[in-house]
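S.K.: Sequence:
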Amino acid sequence: MTAAKPTATGVPGYTETVPCEPESARRARLLVSAALDTWGIGELVEVGTLIVSELISNAVSHTPCRLVRVVIRRETAEVIRIGVADNCRDTPELGCPEGDSEGGRGLLLVESLSWRWGYDLHRWGKLVWAELRVPAAC
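Numbering-wise, the working numbering puts 67 at position 67 of the sequence shown, and it's gapless, one number per residue.
If you are wondering where the hints come from, they were derived from the structure by calculation, not from laboratory data. Hints may be right or wrong, so weigh each one.
Taking CB as the label site, the calculated pair distances span [claimed, not checked]:
(1) 108 - 79: 20 to 26 Å
(2) 123 - 43: 34 to 40 Å
(3) 113 - 136: 14 to 20 Å
(4) 108 - 40: 27 to 33 Å
(5) 40 - 121: 31 to 37 Å
(6) 89 - 17: 16 to 22 Å
(7) 11 - 42: 18 to 24 Å
(8) 123 - 46: 31 to 37 Å
(9) 22 - 45: 17 to 23 Å
(10) 93 - 34: 26 to 32 Å
From a predicted model like this one, the values you see are computed outputs, not experimental measurements. By construction, the Cβ of each residue, glycine as well, lies at the ideal position given by its N, Cα and C atoms.
Please take these sequences and the hints and turn them into a complete structure.
M.R.: What follows is the structure, encoded as structure tokens:
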């Protein structure tokens, strides 16, 4: 596991590579929490950490990857982007869970908590992301 690294130029952000396993969700939550607190928008920590947990869980459940990269960026003064990158090009799909089934709700939760979400395909894989709007007073 590598240490969190701030971006040196461009959009402010932090990234960290972690194993693609359920236990990495804790490390991802800590990274998101630290970034949001550093930027003075701690009121987004609860929703941001829940989103990154779901994105990690989705990568663990639906990709054969050994590592994922957690990315949190301050796209603009009003928008925070939280993402999880992996080297699998399979695209994420919203689930359609039946009754009280345990799975299939992760991206539905991400969709309901975020301003918007999506994914970017790259030659090396994909980045699944969700964006949060920064409250006006921040």
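S.K.: Which numbered conditions among the earlier hints are violated in the structure presented, ordered from lowest to highest?
M.R.: Violated hints: none; all satisfied.
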